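*Asks:* Once you know that position 134 of the sequence shown is 134 in our numbering, the rest is easy, because the numbers rise by one and skip nothing.
None of these hints come from the bench; they were simulated from the model. Fair warning: this is a prediction, and the values are worked out from it, not measured in the lab. Any given hint could turn out to be false.
[What the hints assert, rightly or not] Quick list of in silico lysine to aspartate or glutamate cross-link-like pairs, EDC-like style, CA-CA up to 16 angstroms: (1) Lys254 - Asp293; (2) Lys315 - Glu62; (3) Lys308 - Asp293; (4) Lys235 - Glu30; (5) Lys226 - Glu83; (6) Lys226 - Asp40; (7) Lys308 - Glu83; (8) Lys56 - Asp40; (9) Lys315 - Asp293; (10) Lys56 - Glu83.
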Amino acid sequence: MKKRIVLVFVAILLLVLLVGPFLVPVPPLEGTRPPQALADPDSQFLEINGLNVHVKTRGQGEPVFVLLHGFGASLYSWQAVMEPFSQLGTVIAYDRPAFGLTERPLSWEGQNPYGPEAQVALVIGLLDHFGIQQAILVGNSAGGTVAMQTALAHPERVSALILVDPAVYNGGGAPSWTRLLFSTPQMRHLGPLVARQILTRGPELIETAWHDPAQIPPETIVLYRKPLQAENWDKALWELTLASRASGLAERLKEFSLPVLVITGDDDRIVPTADSIRLAGELPNAQLAVIPDAGHVPHEERPAAFMKAVLDFLKTMTPEG
1 MKKRIVLVFV AILLLVLLVG PFLVPVPPLE GTRPPQALAD PDSQFLEING LNVHVKTRGQ
61 GEPVFVLLHG FGASLYSWQA VMEPFSQLGT VIAYDRPAFG LTERPLSWEG QNPYGPEAQV
121 ALVIGLLDHF GIQQAILVGN SAGGTVAMQT ALAHPERVSA LILVDPAVYN GGGAPSWTRL
181 LFSTPQMRHL GPLVARQILT RGPELIETAW HDPAQIPPET IVLYRKPLQA ENWDKALWEL
241 TLASRASGLA ERLKEFSLPV LVITGDDDRI VPTADSIRLA GELPNAQLAV IPDAGHVPHE
301 ERPAAFMKAV LDFLKTMTPE G
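Throw the hints in and build the complete structure from the sequences for me.
*Replies:* Okay, structure coming up:
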């Protein structure tokens with residue numbers, strides 16, 4: 001009798017685990033709009049590798065800078081340095097898949113647009129679209145990860161890297177067993193609800209990214225929240241979570257022979273400042289710039305000091321430098 005009771009209990013538990021998640025309502029998002037309806041006058045939408053990508057460009061000539069934002073951000077993260085970069089050459093900022101106003105497909109053929117390989121291919125696709133042979137990739141946080149992966153996969157297309165508080169040693173993807181769990185029909189049903197937590201936690205995350213949250217301009221919060229009005233942003237964010245995996249970059253640092261500038265705020269509470277200092281020491285050809293009174297996004301918080309570090313780095317890449 002006792003064994004039968006245990007079996008019945010286990011059966012009920014399995015039934016709850018298998019069916020219960022589907023009983024949780026996932027109401028559709030309200031008030032979302034097509035990305036183009038949220039665009040700015042200087043926005044461009046380019047078809048790259050079958051994806052409608054939101055891009056902004058400024059300047060002309062060489063060098064060419066491609067700006068890759070971090071997790072939860074968009075090309076708006078670079079707005080304070082777009083003009084200074086344009087004084088040096090051509091600058092291209094774009095919204096990475098699952099973020100900003102770039103298209104968020106929920107089904108596809110072939111390569112997963114949210115996966116690391118497609119993220120690298122998108123950078124190369126942008127360069128090809130503009131007829132650019134080589135560029136300097138500027139990546140913040142997870143954008144730095146994509147920049148480094150691109151340099152490894154296509155070294156002939158990347159002349160230098162500027163890594164801003166890059167995520168190399170910490171994170172980069174969930175363990176494989178977790179991804180298997182997240183990929184179950186039950187978690188795919190609940191996933192958008194998990195992604196929607198960014199609606200309430202977003203301001204807190206932005207404050208964590210800054211050294212002094214009191215200095216965050218009100219429009220920064222508005223611009224970070226703007227892409228959360230785009231259609232399917234929650235489902236796409238979950239797809240990105242499913243596609244993410246550890247980068248393995250920490251084991252390949254000796255393969256980077258190109259010039260690298262590592263920039264970090266002295267008070268980064270997301271990617272510890274010590275990690276960026278360590279990275280600059282382990283890369284074969286890297287320089288380090290620590291921005292005082294800055295957190296995880298020094299290009300937003302201390303744009304003048306950030307650009308000075310960039311200029312000093314560029315001088316070392318020229319014969320007269």
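*Asks:* Could you run down the list of hints and mark each one as holding or not?
*Replies:* Against the structure, the hints:
1. Lys254 - Asp293: Violated, at roughly 31 angstroms.
2. Lys315 - Glu62: 14 angstroms, holds
3. Lys308 - Asp293: Holds: Lys308 and Asp293 sit about 15 angstroms apart, inside 16 angstroms.
4. Lys235 - Glu30: Holds: Lys235 and Glu30 sit about 14 angstroms apart, inside 16 angstroms.
5. Lys226 - Glu83: This hinted pair is violated, its Cα atoms lying about 22 angstroms apart.
6. Lys226 - Asp40: With a Cα-Cα distance of about 11 angstroms, the restraint between Lys226 and Asp40 holds, given a limit of 16 angstroms.
7. Lys308 - Glu83: Given that 16 angstroms is the threshold and the Cα spacing comes to 14 angstroms, the pair holds.
8. Lys56 - Asp40: 9 angstroms, holds
9. Lys315 - Asp293: 24 angstroms, violated
10. Lys56 - Glu83: 11 angstroms, holds
Hint violations for this structure: numbers 1, 5, 9, all remaining hints satisfied.
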